[in-house]
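Asker: Input sequences plus hints: build the corresponding full structure.
Protein sequences appear in the order of chains A and B. Quick note on numbering: the first sequence equals residues 4 to 735 in my numbering. Quick note on numbering: the second sequence equals residues 72 to 276 in my numbering.
Here are the simulated lysine to any residue pairs, SDA-like style, with alpha carbons at most 25 Å apart:
1. K677/A / D205/B
2. K206/B / H674/A
3. K620/A / D205/B
Quick look at which bits of chain A chain B covers, simulated, 3 or more residues with Cβ under 8 Å:
4. 68–82
5. 638–646
The hints are simulated quantities; they were obtained by calculation from the structure and are not laboratory data. Please read these numbers as outputs of a predicted model, since none were measured by experiment. No residue lacks a Cβ here, since even glycine has one placed at the ideal position from N, Cα and C.
What follows is the residue order along each chain.
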Amino acid sequence: MGKWTRRAFLTTGALVGGGLIVGVAIRPGHRTPKLAGLVEKDGETLVNAWVKILPDNSIRVIVPHAEMGQGVHTVLPMMLADEMDADWKTVSMEQAPADDEYASKDIVREFALPSQAPGMVEDTLNGVFLKIAQTMSLQITGGSFSVRGTGTWSMRVAGAAAREILIEAAADEWQVPSSEIRAENSYLFHDKSNKSEPFIAFAKAAAGKQGPTQPKLKTPDQFKIMGKHVERFDIPAKVDGSAVFGVDIELPGMKYACVKSAPVFGNTVSSIDSVAAEEMAGFIKLVNLGSGVGVIADSYWQAKKALDKVKVTYTENDSNRASSETMFEQFGKSMDAAIAGGNEEDDFKVGNARKVLAKSKKVIEAEYRVPHLAHATMEPMNCTAWAHDGQLEIWAGLQNPLGIRNLLADQFELDRDSIVINNVYLGGGFGRRAMDDYPVQGAKLALALPGVPVKMIWSREEDTQQDFYRPAIMSRFKASLGVNGLPEAWENQFVDKHEPVEAPTIPYAVENQYIHYTDSPTHIRFGPWRSVDHTQHAFFTESFIDELAAEAGVDPYQYRYDLLSHDLRARNVLEAAANMATWGKPLPEGWGQGIALHRSFNTIVAEIVDLDMSSGKPRVATVYCVADPGFAMSSDGFKAQMESGIIYGLSAALHGEINIKDGAVVESNFHNYKMLRMNDAPTIEVEIINSGDISLGGGGEPGTPPIAPALTNAIFAITGKRIRELPVSKHV
Amino acid sequence: MLEITVNDISYQLDVEPDTPLLWVVRDELKLKGTKFGCGMAQCGACTVHLDGVPIRSCVTPVSSVAGRSITTIEGIGEQSENQQTAKLDKKLHVVQQAWIDEQVPQCGYCQSGQVMSAVALLEKNPQPTDDDIDKAMAGNVCRCGMYGRIRTAIHSASAKLAKEIILIPADEKPAEVLVKPTAAEGSFDPTAAEGSINPTIAEGS
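Answerer: Structure, rendered in structure tokens:
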């Protein structure tokens with residue numbers, strides 16, 4: 004396909020995620036009629052691309068993001084329904100089909116180059132499109148984006164647009180000015196003439212209307228659903244066993260596959276001995292996947308047993324001699340060399356930190372490390388695929404279904420229209436299910452057995468050892484304090500920069516800062532792990548600022564507070580956390596508190612840990628968490644995300660460690676890659692500060708980064724021992 | 072041929088005897104609520120009841136439970152035939168309802184196992200302390216970290232059950248209706264060596 008023009012963008016392929024569909028829905032000549040064929044059933048009326056009105060006047064919202072427990076299948080409908088003035092009791096949802104009408108890979112590719120997006124959308128709808136375009140690359144379910152991106156820029160806009168065109172239609176019908184019509188609980192009212200009719204009475208007329216160019220959104224004082232606690236749509240099916248995850252897909256005549264990839268990334272299959280496997284009951288086929296092998300059999304257990312009998316040798320390379328130790332040695336050397344050679348990559352620079360440090364009488368220095376981490380979703384990676392009738396059909400839980408579709412089209416040289424993606428519930432995502440390896444394997448297996456649906460399920464061992472890992476990182480600090488004890492210079496060097504770019508920056512007012520990084524690649528594949536770079540950098544920076552407070556002899560809460568007079572939003576969060584935890588309260592012998600503050604995905608979070616070290620081992624009793632996301636659309640949903648992020652981060656801080664030996668991952672299952680369990684889970688108290696009108700910040704990730712430093716700072720407060728390397732279990 | 076009873080229905084099965092109960096339940100009986108998580112009794116996602124006791128079905132060869140009675144997540148609610156509609160009316164178990172009331176699940180993948188462990192706990196011990204909950208639930212990993220909500224939901228289900236007991240007149244059913252005798256513990260000791268849970272059950276008790 005040739006290059007997309009602006010015209011193509013607006014008329015041919017404008018149906019990508021977010022607000023573009025809204026744009027289409029509210030433009031003349033919109034494609035609602037065509038979309039209707041995809042998502043309309045008997046008697047239903049698609050009012051715009053995101054909302055249908057059903058014959059009984061109930062409302063169904065079409066949601067373009069994957070549900071992985073973050074509640075997006077509920078909170079996005081809340082946002083649309085509120086703007087539409089729909090009756091929440093009658094609102095339901097369905098997932099948008101992963102069809103070209105709701106997805107276009109070429110548009111996505113264009114938007115992968117953000118600089119081109121504004122040009123493509125110039126002189127469109129009063130800048131609404133521009134905002135959408137800038138966030139388009141985050142159409143993936145991730146980046147704590149669904150609510151503040153899709154929710155704000157498409158769900159709310161679509162709901163408001165739907166309300167306005169319904170009112171227009173009623174104004175025509177009733178022959179009254181639209182300004183005299185109000186909407187409430189899925190009804191329209193004209194109070195002067197005492198008229199009222201349900202939305203459905205005007206649905207057909209409204210669906211044909213062009214709609215407003217920029218619908219008027221509500222202000223928070225007008226919210227009826229947003230910001231409230233509502234029960235999630237997906238929960239009932241998750242307590243009676245009926246929720247369908249990828250692993251639960253059932254197709255007629257389906258076969259099962261197990262796979263085993265080379266333990267060392269980059270190694271490939273050099274020989275296969277499948278004689279014994281082929282004699283096993285139920286064996287159907289062995290497939291060479293290049294980086295490993297798969298066995299297809301009649302049942303899962305037969306596939307697993309046959310795979311165990313396959314003998315595979317792999318090519319080797321330098322990676323086979325790598326270990327966690329050699330990697331950290333390499334990081335240290337790379338960092339030394341960068342400074343010696345003057346080729347640091349600048350990350351953030353203000354003032355002249357090096358000059359101030361050179362003149363300082365005392366420079367405080369520290370080196371921090373974090374290990375690789377696996378995601379360990381509860382549902383191991385799996386994919387069901389079926390090559391039939393000229394199509395490749397995929398069933399899997401995917402954070403990035405559009406991306407997967409594009410990749411499969413490219414890799415197998417298929418027309419993307421022939422690839423059908425069926426996205427289902429994700430049994431945990433955390434970034435892992437944004438990766439493409441398991442659907443590619445699923446597709447390879449299915450293409451090796453045309454006409455037969457094949458369900459591939461990874462073992463837990465495969466899931467642990469074939470992840471895309473939170474990278475192991477080293478970070479070094481130098482700082483000097485002014486006469487008031489506050490830092491006057493801050494230098495930070497680290498390896499391996501990914502995203503978000505601002506992760507290593509500190510919220511504190513330090514006049515001279517130099518933050519820089521050095522690439523030092525390893526063969527371990529990188530993956531976004533809940534909050535991505537924030538998780539490691541919050542541990543580094545919030546530990547080191549705690550070291551500076553100790554050096555200055557100042558209370559660590561007060562020290563941070565004093566450095567935040569320029570950022571009242573952050574200071575309020577910190578202060579609220581201290582109040583909530585009663586910072587400095589008397590505690591039993593062997594107990595103490597630790598504090599940390601970090602901003603990620605535009606949500607500011609402060610966490611305080613009440614830690615019991617009386618037994619010599621850390622036991623986190625309580626975590627106090629205060630978060631300011633601007634505005635939390637779903638109060639309980641946001642709270643749940645904080646609770647979840649804290650436990651996820653605490654598992655990593657206390658136990659999380661993926662070690663590399665002879666190039667391969669050592670850990671294999673939950674016995675040696677340990678998770679927090681009920682018996683070590685702390686009490687968590689969460690307070691939300693809605694400091695603004697809109698969802699500035701995300702919810703899925705920001706709870707995770709502060710917990711590790713809050714914990715290790717508490718250990719320091721009690722024992723005087725500074726933990727500079729995770730996990731904590733290695734040191735206390 | 073091998074016979075097992077699942078959710079009060081008896082099945083004749085033609086499967087390899089070493090096949091874990093998990094895969095028989097999921098792929099032969101098509102009861103998908105029981106989940107695969109680790110394959111070595113470490114995470115509890117596959118928890119079902121064997122004669123009322125929670126076990127990890129991923130390490131339980133189906134041959135070891137021949138002739139025994141299994142309950143899965145699909146079998147813990149009450150079902151009754153509606154005379155008017157001739158359809159089955161389903162009523163959630165009090166634990167399942169508590170899970171909804173407390174909005175426990177996030178991704179939800181572990182929750183069938185969590186609910187099964189909680190139901191077994193409350194049947195044995197209708198008024199569990201926090202320590203009891205720790206012991207009974209430590210074998211179930213929730214990667215979304217909803218432990219606080221699970222604990223609250225167990226306490227609230229327990230309170231509801233206590234009310235129900237009081238409501239039963241003394242001359243009818245005694246409180247033991249809720250307390251089934253248990254032969255083995257399904258609890259998990261996280262400090263124990265790997266894969267050590269219920270080895271007797273796993274190997275066919």
